[in-house]
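**Q** Here's the letter readout for the chains.
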Amino acid sequence: MSNSADKVCQLLLREQFGVVAEKIGCCLLRKGPCPLSWLANEVGLKLDKVREILCFFIQHNLVMYEKNKRGFLEYRMAVKPTLWRCRFPKYIYCAKTLYGDAAELLVEEILHHGQVLMNDVVQRVTDRLNEALRESGQPEISARVVYDKFCSLARTHFIMRCTTISAETENSTIQAPDNDHSLYEVPSMDIDGDGRVKRKRSLDESDQPVKRQKTGDTTTKEDGIYWRVNLDRFHQHFRDQAIVAALASKIDKKASEVLRTMLRLSEVKSASYAPVTTPVSFTEIFQALPKEVGLTRSVTEQYLALLCEDSTEIVSKVGNSGGGMYSVNIYKGLISLCKAHVESVVQERFGSKSLRIFRVLLQRKHLEQKQIEDLAMVPAKEAKEILYRMFAQRFVSITEISKTPDHAPSRTFYLFTVNLQQVARMLIQKCYQAMANALIKREAETMEHRRLLDKQERVNAIIATLEQTGADEAQKEEVKQMITPAEKTKLNQVKETCNKLDQAELQLDDTIFILETFIFYTERETCVS
Amino acid sequence: MATAPKTEPDVEAVDLETRIIALCHANPDGVTDVIIQDDMPQFDVKQRVTAINRLLSTGRIDLLKSSSGKLVYKLKDPDAAGLVKGTDQQEKLVYQIIKDSGNKGIWIRDIRYKSNLLLTQVNKILKNLESKKLIKAVKSVAAAKKKVYMLYNLEPDRSVTGGAWYSDQDFESEFVEVLNQQCFKFLEQKALSAQETKIDPIAQRNASFASSEDMWKFISELGISKIQLSVEDIETILDTLIYDGKVEQSIVAKAGGIGDSGQVKLYRYVSPLIPPTGLMRMPCGSCPVSDKCYEGGAISPTTCVYMKQWLDL
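If you read the sequences in order, they're chains F and V.
For what it's worth, the numbering used here labels the leading residue of the first sequence as 796, then goes sequentially.
For what it's worth, the numbering used here labels the leading residue of the second sequence as 40, then goes sequentially.
Be a bit skeptical, because a hint or two may be false.
Claimed, not checked - Some residues of chain V that are not near chain F, with every Cβ distance over 10 Å (derived):
hint	residue
1	50
2	54
3	93
4	96
5	132
6	212
7	252
8	255
9	309
10	320
11	334
Stated by the list, open to error - With a straight-line Cα cutoff of 30 Å, these simulated DSBU-like cross-link-like pairs (lysine-lysine) come out:
hint	chain 1	residue 1	chain 2	residue 2
12	F	1176	V	347
13	F	1148	V	224
14	V	265	F	1127
15	V	143	F	1176
16	F	1049	V	229
17	V	153	F	1148
18	V	175	F	1290
19	F	1165	V	265
20	F	1160	V	304
21	F	1148	V	184
22	F	1176	V	224
23	V	153	F	1198
24	F	885	V	229
25	V	229	F	1148
26	F	1048	V	184
27	V	175	F	1165
28	F	1165	V	178
29	F	875	V	143
30	V	229	F	1127
31	F	1176	V	186
32	V	331	F	1198
33	F	1112	V	285
34	F	1049	V	285
35	F	1176	V	175
36	V	331	F	818
37	F	1285	V	347
38	F	1148	V	265
39	V	178	F	1148
40	F	1127	V	304
Quick caveat, the hints were computed from the structure, so don't treat them as lab data.
C-beta: ideal position from N, C-alpha, C; glycine also.
All chains, full assembly: derive it from the sequences and hints.
**A** The following block contains the structure:
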């Protein structure tokens, strides 16, 4: 992993878990896998403290461990899941749009605890929901509703069981799941008449994993099955959403609905990272289309034809049975998206003339300078300037083809080209750097106004207690006056700044997500072929 | 009596001259003295010499050395003879070289190599020829300082002038830009009006297409161009729009078009796939010094001016 990504990891750990966790995390990142005692020695902390933090990391799925050849247990920081922590709002929002408020809270709870027991999380979410409902004066709901949401999340693989490690078997290897489905099986839950979760002791207490005993309550429930969020599944969903959104922007909303339906249909059928989805028939697509889209049979047919003829080549017709079989080429979609993102960077960074030259290179692959000038219709001098600037910043590369073995410049062709993968990697670096910058800036901003923020917090706390004790308005007003108008504007400004930086981080993550998924797929493709 | 000997040889001499020329016409490879002697034995050597000298001095025939070493007389190129009347041998040579280069023109250095003359001589000759309006100098677009020479009455080749997009030897980037924008507006308008019709999606897409000929007519009627543009010129402009990512091209077979390529190039406005990417929505994306940016450095995220400006907005 790169320096800038490590930097982001470090900043995220500091922001979310504090300085000690950052220190240990950094050491793991820098040194790679290492055993516990060595790690403790390296960071100069007590063994117990390091163990505690490691447990904490494992609980949050941030540290992996495995036995090395000599029999030591080595701990390794999982960089990607650490980086994905800044994607949490997206996972939560995604759950909300798909399955509603209860699912939102479920995913939020599971994410913030890393690994949880089903009964715990269902109970907690039910309580939280009921509290909110009580405040707005609506009737309370039963735990059954939340449990159902839990089941649907598991059924669509958005949450999964943690792979258990049996404490009895000495070698501590991760048990391979019996089959894929067992990972998503939800045990039944006893819910009493009041809609409360019954706490029931499991029979085989000895079978529970020792490592996962972080949460205060040590009683075992549902055979000690811990659940976690299946981030990969969320990423696949994001990936599909990105492709759908791109086509919605390019063709129209209805075309994207057709594509969305196709993706939903093939979701369960195709392998999780297959470059092309399994074909679905027209009849299936038409029947599965949501009614509110309001497409007739012939219009649906037309939209499918449009999608097939589109230059992105995302949808293609593969057969004629069942009214036509259609498949979605995810990889091509990702290539188009990646190109679009890279082009957007070129456009903003170098201007539209440069974009034209860049796209000429993308389409025609290898070109000499003169050819580029002619095709892009840019004056020779300007084209030269643009090309060299992009070359200096590693957006375009040069292939030298020499007529003679001595590589004399006068007898050499210099062909400009764009290596999309290389550019994507370079941009990911830039994104992580920008992300780190945003995090640092936000930290600096809050540090600078620490006193003010603390004061606001104290005032809010006082007001809250006053409200509970039932003090009158005058008293509350008096407390509120403690923050001067000047301080108030400053506070608003800080809040605004932090919001802006937060938003920038989320947007950066969008770019990172597309570029990384593209690289992931490209690597898989090259592995296969 | 005094006039008779004068006129008689004249008539005879003219007769001899025309006969020699006729002979040269018959033998384009050149005639030797022997052939002339065989053909018209009635004239003596002296008469022949005066006749040939007159022909040579008026520039109607050339005296050349053949490969076998014999001297041959050849008919001179009639129009060249007319043009370079009164020029010397070197000028003729240079003229010939320039003429051979056709409407592509020839560079002064190449003239020097081909003629084996000194630079000063060539310069003088070129100046001479230019002042006589026999040749002209044209500036090439390939290299700004490179002048090429060609015959005065020729229209320079496209590769020399650069075609419609060059005035003098400058590329008219503004003209190209204006055309680019006009074409884009036309297609965008077309796509918008197609969208408003609310017909079925395929018809809607088809309505947003415009052929290159439609575009050509539109541009010609607009009258933004002083020079006459061809359909191919418009297609190069439309190609730049494709490279801009604003337009897509598709080729369809033409109904009953015999004689031409039988296909029509259709162009259509396309909306972009994505809004500006996340990286570019914060200053770091377009930061020129991001490579030198690190905590505690001269450029650092906490002290960054771009970041400050962006956040203060």
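**Q** Check whether the Cα positions of residue 331 of chain V and residue 818 of chain F lie no farther apart than 30 Å.
**A** Measuring from Cα to Cα gives roughly 25 Å; hence the hint holds.
**Q** Given the hinted pair residue 1049 of chain F and residue 229 of chain V, is their Cα-Cα distance within 30 Å?
**A** Answer holds: residue 1049 of chain F to residue 229 of chain V is near 21 Å, not above 30 Å.
**Q** Could you check that no beta carbon of chain F comes within 10 Å of the beta carbon of residue 93 of chain V?
**A** Since the minimum Cβ distance to chain F is about 55 Å, residue 93 of chain V lies beyond 10 Å and the statement holds.
**Q** Sort out whether residue 1148 of chain F lies within 30 Å of residue 153 of chain V, counting only the CA atoms.
**A** violated, 43 Å
**Q** Residue 1160 of chain F and residue 304 of chain V: Cα distance at most 30 Å?
**A** It holds: about 23 Å lies between the C-alpha atoms, which stays within 30 Å.
**Q** Hey, does residue 252 of chain V actually stay past 10 Å from chain F on C-beta?
**A** With a cut-off of 10 Å, residue 252 of chain V remains clear of chain F, as the shortest Cβ separation is near 20 Å.
**Q** Going by Cβ atoms, does residue 334 of chain V stay more than 10 Å from chain F at every point?
**A** violated, 6 Å
**Q** Is the Cα-Cα distance between residue 1148 of chain F and residue 265 of chain V 30 Å or less?
**A** Holds, at about 25 Å.
**Q** Could you grab the alpha-carbon distance between residue 1148 of chain F and residue 184 of chain V and see if it respects the 30 Å cut-off?
**A** holds, 26 Å
**Q** Say whether it holds or is violated: residue 212 of chain V keeps its Cβ farther than 10 Å from all Cβ of chain F.
**A** violated, 5 Å
**Q** With a cut-off of 30 Å on the C-alpha distance, tell me whether residue 143 of chain V and residue 1176 of chain F pass.
**A** Between residue 143 of chain V and residue 1176 of chain F the Cα gap is close to 24 Å, so the pair holds against 30 Å.
**Q** Has the given pair, residue 175 of chain V with residue 1290 of chain F, been kept, meaning a C-alpha gap of at most 30 Å?
**A** violated, 73 Å
In this structure, the earlier hints numbered 6, 9, 10, 11, 12, 14, 17, 18, 24, 26, 29, 32 are contradicted, and the remaining ones agree with it.
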